[in-house]
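Between the sequences and the hints, there should be enough to build the whole structure, so can you do that?
Residue numbers (the numbering used here), protein chains in the order written: chain A, 2 to 438; chain B, 2 to 438.
Heads up, the list lumps identical chains together, so a pair's fine if it works in one copy or across two of them.
Here are the simulated lysine-lysine pairs, DSSO-like style, with alpha carbons at most 30 Å apart: (1) LYS127 / LYS364; (2) LYS374 / LYS437; (3) LYS124 / LYS394; (4) LYS437 / LYS53; (5) LYS184 / LYS371; (6) LYS374 / LYS53; (7) LYS359 / LYS124; (8) LYS371 / LYS393; (9) LYS431 / LYS341; (10) LYS127 / LYS6; (11) LYS359 / LYS304; (12) LYS139 / LYS53; (13) LYS356 / LYS127; (14) LYS139 / LYS341; (15) LYS6 / LYS245; (16) LYS260 / LYS22; (17) LYS374 / LYS435.
To be clear, the hints were calculated from the coordinates, so they are not data collected in a lab.
Protein chains: 2
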Amino acid sequence: MFLSKLFIPISKDLPAEAKIKSHQLMLRTGMIKQSSAGIYSWLPLGFKVMKKIEQIVREEQNAIGAQEMLMPTIQSSEIWKESGRYDDYGEEMLRIKDRQGREMLYGPTNEELITDVFRASVKSYKSLPQLLYHIQWKFRDEIRPRFGVMRCKEFYMKDAYSFDLSDEEANKSYNKMFFSYLKTFNRLGLKAIPMAADTGPIGGDLSHEFVIIAETGESKIYADKNIIDIDLNQYELNDGSLSKMREDISKIYAVTDEKYKKTDFDNHVKKENQMITKGIEVGHIFYFSDKYSKPMNCLIDDKDGKKTSVKMGSYGIGVSRLVGAIIEANYTKDIMKWPKSISPFDVVIIPSISKNNKENLEKAEKVYKKLKKQNIDVLLDDVDENMSNKFKKHDLIGVPYQIIIGSKSDGDNFEFKELNSQSEILNLDKIQLKLKS
Amino acid sequence: MFLSKLFIPISKDLPAEAKIKSHQLMLRTGMIKQSSAGIYSWLPLGFKVMKKIEQIVREEQNAIGAQEMLMPTIQSSEIWKESGRYDDYGEEMLRIKDRQGREMLYGPTNEELITDVFRASVKSYKSLPQLLYHIQWKFRDEIRPRFGVMRCKEFYMKDAYSFDLSDEEANKSYNKMFFSYLKTFNRLGLKAIPMAADTGPIGGDLSHEFVIIAETGESKIYADKNIIDIDLNQYELNDGSLSKMREDISKIYAVTDEKYKKTDFDNHVKKENQMITKGIEVGHIFYFSDKYSKPMNCLIDDKDGKKTSVKMGSYGIGVSRLVGAIIEANYTKDIMKWPKSISPFDVVIIPSISKNNKENLEKAEKVYKKLKKQNIDVLLDDVDENMSNKFKKHDLIGVPYQIIIGSKSDGDNFEFKELNSQSEILNLDKIQLKLKS
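Below, the structure written as structure tokens:
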């Protein structure tokens with residue numbers, strides 16, 4: 002893609018309404034545009050990053066055998082009346098009357114709807130366990146939407162649901178999701194800490210939040226530093242190994258505000274390992290057993306032919322929020338560097354262009370074509386602008402690798418730079434190897 | 002995927018509410034489940050097909066240089082008041098009041114919102130032409146939703162928008178999209194006929210519908226038979242060739258009901274080539290110049306520094322509707338056969354299983370593993386059911402190729418069948434070649 006053709010409305014001003022750095026960066030680099038309070042359009046740069054995150058989330062859900070499906074955004078109030086949550090949910094639920102006066106709503110969460118799908122489809126224990134997920138837009142009518150995509154009204158989420166015959170079986174599903182979440186966040190270049198958490202309006206008695214450390218986070222964290230260095234490679238996708246993983250992790254203290262007790266913290270964690278900080282919630286998982294299946298009559302025949310309420314859990318990852326969270330975690334000292342796995346482009350070519358000399362631009366186009374042939378996703382900055390401005394701009398766009406074509410490039414050797422590092426002179430073959438590694 | 006694990010609630014009954022064959026098939030094979038009138042969940046089988054269609058649509062949009070982005074589902078009424086359509090639109094628009102009493106709506110179409118994005122982003126002719134598109138859920142509060150996903154309330158659409166400096170330039174964008182549409186429908190295995198059409202509530206004076214022939218269609222078609230056999234390979238992606246394409250096609254008579262005149266039809270089309278039939282609209286493109294940009298003040302500096310309203314067109318493909326339309330076009334004589342490009346699986350293995358003999362199932366699992374290694378997406382029917390029932394079921398699920406493991410299979414030779422054809426005995430290498438061709 003040539004930068005001059007990319008639909009990327011870059012702004013030089015610091016947007017006044019943006020209080021945190023991810024929100025500022027996303028507006029300045031034209032990743033998003035607000036359409037009304039708490040509601041955004043995703044322009045090509047932001048869209049590309051979000052889609053890459055979505056794809057990693059999807060792959061790691063598929064890897065544990067979860068099946069993708071899709072529920073609609075608009076739901077009938079009927080099922081919410083069945084579960085008893087319609088009146089409880091409050092004003093964050095966007096309530097709608099259709100042209101025939103029926104009470105509808107924009108789904109803020111999907112426990113009721115998936116329970117309705119499941120009870121119409123599955124009757125026997127033989128079809129269990131089941132893991133279903135979808136990635137869909139949700140809406141919460143926040144009274145004070147803020148922080149850009151971090152706390153907005155219309156947001157994109159992955160929601161998975163597990164269905165099992167017993168608490169014991171359900172625990173295995175919970176562990177699989179736990180494992181999938183840690184793998185997902187690793188691939189996104191994030192250190193996400195699993196913490197025992199309150200269940201809140203979803204209900205149930207087992208719950209974990211996955212939190213990344215960031216000063217701008219809204220969650221307070223109390224944890225043993227050792228939890229940051231869990232080595233996932235020691236575990237495998239089978240019930241025994243995953244049960245061991247849960248056990249190992251549960252020994253390391255890590256809780257959110259609501260679960261925090263000073264005496265526990267001091268008893269379990271050495272002073273020098275105590276970490277008190279703020280974080281951003283990027284995932285939340287719940288086990289709530291028959292909280293929805295019982296009132297909604299979602300019954301399964303067990304091995305003895307007896308009907309029993311199916312045992313359910315739910316598992317969320319905020320896909321659109323992750324874009325902001327990843328920026329919060331990676332944007333430091335005025336330089337944003339995207340993790341390789343989700344960068345909007347693999348590399349950017351920055352030629353020094355002057356009015357009377359297009360030689361560098363021509364060289365750049367040749368390199369561009371060669372890299373494209375290797376399936377490398379290249380951005381070429383063909384804009385007629387001085388190099389200092391270009392570098393400032395690309396410090397914000399955040400493509401992690403740059404090929405700079407100016408005075409230092411010579412024949413087949415080019416200045417190659419990884420953001421936050423020194424540049425080096427390399428030939429194109431070596432550059433390709435670096436980009437593909 | 003093993004069929005016993007797939008979340009596919011198959012029903013043996015013909016659903017009473019379904020009047021057309023695509024709706025019947027989608028309910029019977031568990032592709033969708035209605036959640037409320039005109040609103041559906043997409044279960045894994047239906048979801049997979051829809052995603053494959055989406056991906057083909059996306060690739061063909063990218064191929065003409067269109068850039069993907071995403072607009073939200075919930076819009077503010079303000080921009081609709083600017084364009085003048087807020088009052089005009091009628092009851093099909095789902096109108097919403099948020100908790101602060103602001104008038105919002107679920108987007109039935111996006112001309113206003115994209116114009117708002119564009120006017121905030123682009124100021125100069127130098128950034129033109131631009132083609133932007135998104136694939137998003139839309140809502141129309143149909144008074145009588147019917148025919149399943151063909152005329153439902155919440156539906157999935159690709160919408161593209163073109164931005165140009167002049168009518169002449171805009172015509173080039175229109176032609177590119179025209180070409181992209183024909184290529185898209187070809188890849189989906191559809192014969193889509195481009196027809197001069199009315200512009201309706203979108204406005205403008207140039208418009209084409211893309212219609213596939215189907216008895217259950219709601220559009221009446223009058224066309225010269227020759228239009229079915231347009232050879233796209235004779236055209237290339239450049240303005241000259243595409244202008245020639247439009248010219249060639251415009252010479253062949255093909256119009257919808259509103260544009261039909263008997264005298265024109267008889268004058269232009271020989272009796273033996275006259276085709277009067279019904280069809281399903283799967284795409285619709287419009288050129289409406291400054292209909293939205295003018296009232297919404299979306300101005301561009303032209304080459305002389307003079308401000309001028311940008312010239313726009315819009316281009317829709319009904320992605321969720323296409324699932325139904327493709328079934329209508331391919332489901333005949335009680336057999337559904339998905340086009341290879343969008344089939345939910347590449348091949349299904351059907352072993353004959355009896356209670357006391359699992360030998361065929363074991364053979365099937367070996368074949369399954371081998372094909373999976375070749376990146377072939379295989380469904381294995383491991384359900385304990387008689388072969389006659391299995392075949393009936395797979396006639397509906399519609400995977401185009403079957404490997405039947407029963408009495409005719411011998412060593413490395415298996416019965417291989419393409420739906421609607423005779424089976425043959427082939428070894429696995431030959432089967433792989435057929436599947437990959």
